[in-house]
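Letter by letter, the chains look like this.
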Amino acid sequence: GAGVSQSPSNKVTEKGKDVELRCDPISGHTALYWYRQSLGQGLEFLIYFQGNSAPDKSGLPSDRFSAERTGGSVSTLTIQRTQQEDSAVYLCASSSQTGGNTIYFGEGSWLTVV
Amino acid sequence: QKEVEQDPGPLSVPEGAIVSLNCTYSNSAFQYFMWYRQYSRKGPELLMYTYSSGNKEDGRFTAQVDKSSKYISLFIRDSQPSDSATYLCAMSVSGSARQLTFGSGTQLTVLP
Numbered sequence: 001g002a003g004v005s006q007s008p009s010n011k012v013t014e015k016g017k018d019v020e021l022r023c024d025p026i027s028g029h030t031a032l033y034w035y036r037q038s039l040g041q042g043l044e045f046l047i048y049f050q051g052n053s054a055p056d057k058s059g060l061p062s063d064r065f066s067a068e069r070t071g072g073s074v075s076t077l078t079i080q081r082t083q084q085e086d087s088a089v090y091l092c093a094s095s096s097q098t099g100g101n102t103i104y105f106g107e108g109s110w111l112t113v114v
Numbered sequence: 001q002k003e004v005e006q007d008p009g010p011l012s013v014p015e016g017a018i019v020s021l022n023c024t025y026s027n028s029a030f031q032y033f034m035w036y037r038q039y040s041r042k043g044p045e046l047l048m049y050t051y052s053s054g055n056k057e058d059g060r061f062t063a064q065v066d067k068s069s070k071y072i073s074l075f076i077r078d079s080q081p082s083d084s085a086t087y088l089c090a091m092s093v094s095g096s097a098r099q100l101t102f103g104s105g106t107q108l109t110v111l112p
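Protein sequence lines, in the order shown, are assigned to chains A and G.
Those letters in the first sequence? Residues 1 to 114, per the working numbering, in order.
Those letters in the second sequence? Residues 1 to 112, per the working numbering, in order.
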């Protein structure tokens, strides 16, 4: 696609439920990143994919968080048993190569856990 | 102490003013410095990118890096209401996008 596409754009969920957030990167981009942005905080790195593999999962905050990428394209970030502190904007980004700094962000999925 | 510190603002200026946005950092190994602009409910977009120390100019925007002071700045000349956004600094050691460290952002409003 023309840009990074994320869905849903907004999600309100009850504490304890699981949520799935989807990212469709720019066509042809091999690298894909997930970040979390909380109010008043900078972007927090969660996970990075090169193709379908995730060489760096160091930012995932707990084992409730997981992500996968299939076909070298679409990625899904899953949060199990959501907690209120999971409320944030989840941003996906992609780049054409891991060696470059130019990454392109989607508009984010705004998650609210009530 | 955070690796990258950025005054969150909010900063409000009249149209036409010169705006100065700043970040300080603690990791002397940072070599690549970026500024992102983020409009409300949008993703960040890359505005300026510099390597090592020095200045870089692009239209009304100038990025400055002072590695000796561990201090970077973004100047906006002749500010416009369309510049109203949150500005995030970011930096990395290796130039790899997966190692970017972001500041928390400064919220700027340019009043018409």
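Worth flagging that the hints you see were computed from the coordinates, not collected in a lab.
Hints may be right or wrong, so weigh each one.
[As the list claims (entries may be wrong)] DSBU-like mimics (lysine-lysine), calculated; alpha carbons at most 30 Å apart, straight line: (1) 11(A) - 57(A); (2) 67(G) - 17(A); (3) 11(A) - 42(G); (4) 57(A) - 56(G); (5) 70(G) - 11(A); (6) 57(A) - 2(G); (7) 42(G) - 15(A); (8) 17(A) - 57(A); (9) 67(G) - 56(G); (10) 42(G) - 56(G).
Tested hints:
1. 11(A) - 57(A): Holds. Residue 11(A) to residue 57(A) sits at ~24 Å (cutoff 30 Å).
2. 67(G) - 17(A): Violated, because 46 Å separates the two Cα atoms, which is more than 30 Å.
3. 11(A) - 42(G): 16 Å, holds
4. 57(A) - 56(G): 34 Å, violated
5. 70(G) - 11(A): Outside the cut-off at roughly 39 Å; violated.
6. 57(A) - 2(G): 21 Å, holds
7. 42(G) - 15(A): Since the Cα atoms of residue 42(G) and residue 15(A) sit roughly 26 Å apart, the hinted pair holds (cutoff 30 Å).
8. 17(A) - 57(A): 23 Å, holds
9. 67(G) - 56(G): Measuring from Cα to Cα gives roughly 14 Å; hence the hint holds.
10. 42(G) - 56(G): Status holds; Cα separation ~25 Å.
Hints 2, 4, 5 from the earlier list are contradicted by this structure; the remaining hints agree with it.
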